[in-house]
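Novice: For this one, chain P is given, so just place chain D on it according to the hints.
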Amino acid sequence: MMDTSRSPSEASGFSRKLAATIIIVYMVVTLIPISWMVATSFKSVDSAISYPPEVFFEPSLEGYVNLFTNRSRQPKDYLDSLPPPDTWYEELVRSREMVITGPSKFLPRYSNSLIIGFGATFFSVFLGSLAAYALSRFKVPLKDDLLFFILSTRMFPPIAVAVPIFIMYRKLGLGDTHVGMIILYTVVNLSLSVWLLKGFMDEIPREYEEAAMIDGYSRMQAFFKVVLPQATTGIAATAIFCMIFSWNEYAFAVLLTQFNAQTAPPFIPTIIGEGGLDWPAIGAGTTLFLIPVMIFTVVLRKHLLRGITFGAVRK
Amino acid sequence: MKSAVKKFKGLSDKAIAWIFIAPTLILLLAINIYPLIYAIRMSFTNFYANKIGREVKFVGLKNYKKILGKEEIWEKMQITAHFVCWTLVLQALIGLGLALLLNKKFKGNELLTTLIVLPMMLSPAVVGVFWTYLYNPQVGLFNYVVNFFYDFGIFDMIGSSTLAPWSIVIVDTWMWTPFTMLICLAGLRSIPNYLYEAAEVDRASKWQQFIHITLPSVLPFLLLALLFRGIENFKMFDLVAELTSGGPGSATELASINLKREAFEKWKTGYSSAFAVILFVTIFGFGNVYVKVMNKIKDR
Numbered sequence: 001m002m003d004t005s006r007s008p009s010e011a012s013g014f015s016r017k018l019a020a021t022i023i024i025v026y027m028v029v030t031l032i033p034i035s036w037m038v039a040t041s042f043k044s045v046d047s048a049i050s051y052p053p054e055v056f057f058e059p060s061l062e063g064y065v066n067l068f069t070n071r072s073r074q075p076k077d078y079l080d081s082l083p084p085p086d087t088w089y090e091e092l093v094r095s096r097e098m099v100i101t102g103p104s105k106f107l108p109r110y111s112n113s114l115i116i117g118f119g120a121t122f123f124s125v126f127l128g129s130l131a132a133y134a135l136s137r138f139k140v141p142l143k144d145d146l147l148f149f150i151l152s153t154r155m156f157p158p159i160a161v162a163v164p165i166f167i168m169y170r171k172l173g174l175g176d177t178h179v180g181m182i183i184l185y186t187v188v189n190l191s192l193s194v195w196l197l198k199g200f201m202d203e204i205p206r207e208y209e210e211a212a213m214i215d216g217y218s219r220m221q222a223f224f225k226v227v228l229p230q231a232t233t234g235i236a237a238t239a240i241f242c243m244i245f246s247w248n249e250y251a252f253a254v255l256l257t258q259f260n261a262q263t264a265p266p267f268i269p270t271i272i273g274e275g276g277l278d279w280p281a282i283g284a285g286t287t288l289f290l291i292p293v294m295i296f297t298v299v300l301r302k303h304l305l306r307g308i309t310f311g312a313v314r315k
Numbered sequence: 316m317k318s319a320v321k322k323f324k325g326l327s328d329k330a331i332a333w334i335f336i337a338p339t340l341i342l343l344l345a346i347n348i349y350p351l352i353y354a355i356r357m358s359f360t361n362f363y364a365n366k367i368g369r370e371v372k373f374v375g376l377k378n379y380k381k382i383l384g385k386e387e388i389w390e391k392m393q394i395t396a397h398f399v400c401w402t403l404v405l406q407a408l409i410g411l412g413l414a415l416l417l418n419k420k421f422k423g424n425e426l427l428t429t430l431i432v433l434p435m436m437l438s439p440a441v442v443g444v445f446w447t448y449l450y451n452p453q454v455g456l457f458n459y460v461v462n463f464f465y466d467f468g469i470f471d472m473i474g475s476s477t478l479a480p481w482s483i484v485i486v487d488t489w490m491w492t493p494f495t496m497l498i499c500l501a502g503l504r505s506i507p508n509y510l511y512e513a514a515e516v517d518r519a520s521k522w523q524q525f526i527h528i529t530l531p532s533v534l535p536f537l538l539l540a541l542l543f544r545g546i547e548n549f550k551m552f553d554l555v556a557e558l559t560s561g562g563p564g565s566a567t568e569l570a571s572i573n574l575k576r577e578a579f580e581k582w583k584t585g586y587s588s589a590f591a592v593i594l595f596v597t598i599f600g601f602g603n604v605y606v607k608v609m610n611k612i613k614d615r
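If you read the protein sequences in the order shown, they are chains P and D.
The first sequence begins at 1 in the numbering used here and counts up one residue at a time.
The second sequence begins at 316 in the numbering used here and counts up one residue at a time.
Extracted from the complex, chain P is given alone in its bound form (with noise of 0.2 Å):
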């Protein structure tokens, strides 16, 4: 069979290769913000704010020293009456006449993201599964508006809820704690898990619960049995959506803690140098706080439009 014609997908040669040209251009450019930002985490204080930007440098470990230490200036005499340096990194802040004072926030900022992204990952991926199977497999009365509904809470800027958050976590003593956090992000990715899970779980054929069910299992524990271990995809998936949004999220975070519970990214902001902004340390905190979302992206990159589209774009 002879075929001339050509649809988009099947283009001719020449065009293919120009339109990887531009595509691979446009991803250069497109990361060239972000190999800065890790670039920069790798120089010394003076090589970062070097015009024009150095882009070959010598690769220096002051950032991220810098990041987790907090540290202080001392007269040169105080420097030389000190024993000589241990470790290699109170070498490098020695060589800046400084001190190591202690350990700096970071880490404990970092482990709170940590921790409050994982919990209020179980629970609304724990409690979005069970609602969209809910959803999924009965007759439920007023279905469609209780799923919108349960988006609509998604149109709320945060900054109007905050307010009435605040005073609520101020009298029932959740603010600035980490289950006061959980609890919130878990309500605020519920209806992104309730949504997707219900997807996935629309595409788990029924005959499966009603064979296990023959088998003389009940509902639950066909739900437990059967569904859910079909669904381990689409739950995974739901669950990385929900750790990136609980990760990146910065208004409530911003708001609502401060000492205790705070998260990092309303701390990265705050790293701050003698004489303005601490760039190589920013870097480096940038850099550990974005690592572990790029992977995730890199693993989710099959179900990436359904999570951002809350389910309705499927490829």
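Hints listed in this document are in silico derivations from the structure and should not be mistaken for laboratory results.
Just to be clear, a hint being listed does not mean it is correct.
Here are the simulated DMTMM-like pairs of lysine to aspartate or glutamate, each with C-alpha atoms no more than 20 Å apart in a straight line [stated by the list, open to error]: (1) P:K171 to D:E370; (2) P:K17 to D:E425; (3) P:K143 to D:D328; (4) D:K329 to P:D144; (5) D:K329 to P:D145; (6) P:K302 to D:E425; (7) D:K607 to P:D144; (8) D:K377 to D:E387; (9) D:K607 to P:D145; (10) D:K329 to P:E210; (11) D:K329 to P:D202; (12) P:K225 to D:D328; (13) P:K139 to P:E210; (14) P:K139 to D:D328.
Just some of the chain P residues that point at chain D, by a computed CB distance under 10 Å [said to hold, decoys possible]: (15) M27; (16) P33; (17) I49; (18) M168; (19) M220; (20) A253; (21) L300; (22) R314.
For every residue, glycine included, the Cβ atom is placed at its ideal position computed from N, Cα and C.
Specialist: For chain D alone, kept in the frame of chain P given last:
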């Protein structure tokens, strides 16, 4: 586990349905709806959250009248509209363009898509911080690159009130263009090949094929992407809070940024609640009209 499962064994499907949905519903009501009602109630009072002992008075619609009559608020709305419109236009054009290119299946297509998508998954606040470095007038890479192509001398994207509104448009477009791109790509991939084959038989030109087949098929997808982006950018807070924090002066003070200043810096709780309600109603109203229009286009 086993005993718990046994205990539920006798439950009817209806009971299970409610047991499964109830926790979600209760949490949403407690942490989303209750605060919203609380905010609506506060919007009719002169409450200040930092003055606890002070008597709270019911002031009726005074807060609403004050907001709607204030010229400053309309300025904020204009700033927000500028941001929303430009980001939507740029993201629609570039996103669709990239999707059309990616749809020509070439090698490494999927890897490139994943790499291009990266910016949109990052924390907006952290993105805001590192762009302040790129925009730095003395040492910023952005300024260096711009000056490399045309020498403007020293310019300050964030510090100048004429450039600052564009600085946030640029960063948001950089970050979220992949979003429209991904959704448009899904739309393009859903177009069946036989439509183009039929068009070839009818001797339709490439351009005619694009106008009569590609564009109408991809339009509902593009509109959906813009709905999501529109809502998100109307309530934009995190990225701009860290990038320009509304400045210089109030050149980039979007609605949400202004709301935060009123609510958490001036502690005008009653007044800011009224503003929050107005914003919410606006988003909801626009959203509903948009969805209606979108469905009409889809049905056509």
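Novice: With reference to the structure, classify each hint as holding or not holding.
Specialist: We went through each hint and held it up to the structure:
{"no.": "1", "hint": "P:K171 to D:E370", "verdict": "holds, 18 Å"}
{"no.": "2", "hint": "P:K17 to D:E425", "verdict": "holds, 15 Å"}
{"no.": "3", "hint": "P:K143 to D:D328", "verdict": "holds, 15 Å"}
{"no.": "4", "hint": "D:K329 to P:D144", "verdict": "holds, 17 Å"}
{"no.": "5", "hint": "D:K329 to P:D145", "verdict": "holds, 18 Å"}
{"no.": "6", "hint": "P:K302 to D:E425", "verdict": "holds, 10 Å"}
{"no.": "7", "hint": "D:K607 to P:D144", "verdict": "holds, 16 Å"}
{"no.": "8", "hint": "D:K377 to D:E387", "verdict": "holds, 17 Å"}
{"no.": "9", "hint": "D:K607 to P:D145", "verdict": "holds, 16 Å"}
{"no.": "10", "hint": "D:K329 to P:E210", "verdict": "holds, 16 Å"}
{"no.": "11", "hint": "D:K329 to P:D202", "verdict": "holds, 18 Å"}
{"no.": "12", "hint": "P:K225 to D:D328", "verdict": "holds, 17 Å"}
{"no.": "13", "hint": "P:K139 to P:E210", "verdict": "holds, 16 Å"}
{"no.": "14", "hint": "P:K139 to D:D328", "verdict": "holds, 9 Å"}
{"no.": "15", "hint": "M27", "verdict": "holds, 5 Å"}
{"no.": "16", "hint": "P33", "verdict": "holds, 6 Å"}
{"no.": "17", "hint": "I49", "verdict": "holds, 5 Å"}
{"no.": "18", "hint": "M168", "verdict": "holds, 7 Å"}
{"no.": "19", "hint": "M220", "verdict": "holds, 4 Å"}
{"no.": "20", "hint": "A253", "verdict": "holds, 9 Å"}
{"no.": "21", "hint": "L300", "verdict": "holds, 8 Å"}
{"no.": "22", "hint": "R314", "verdict": "holds, 8 Å"}
Going down the numbered hints, you'll see the structure goes against none, and every one checks out.
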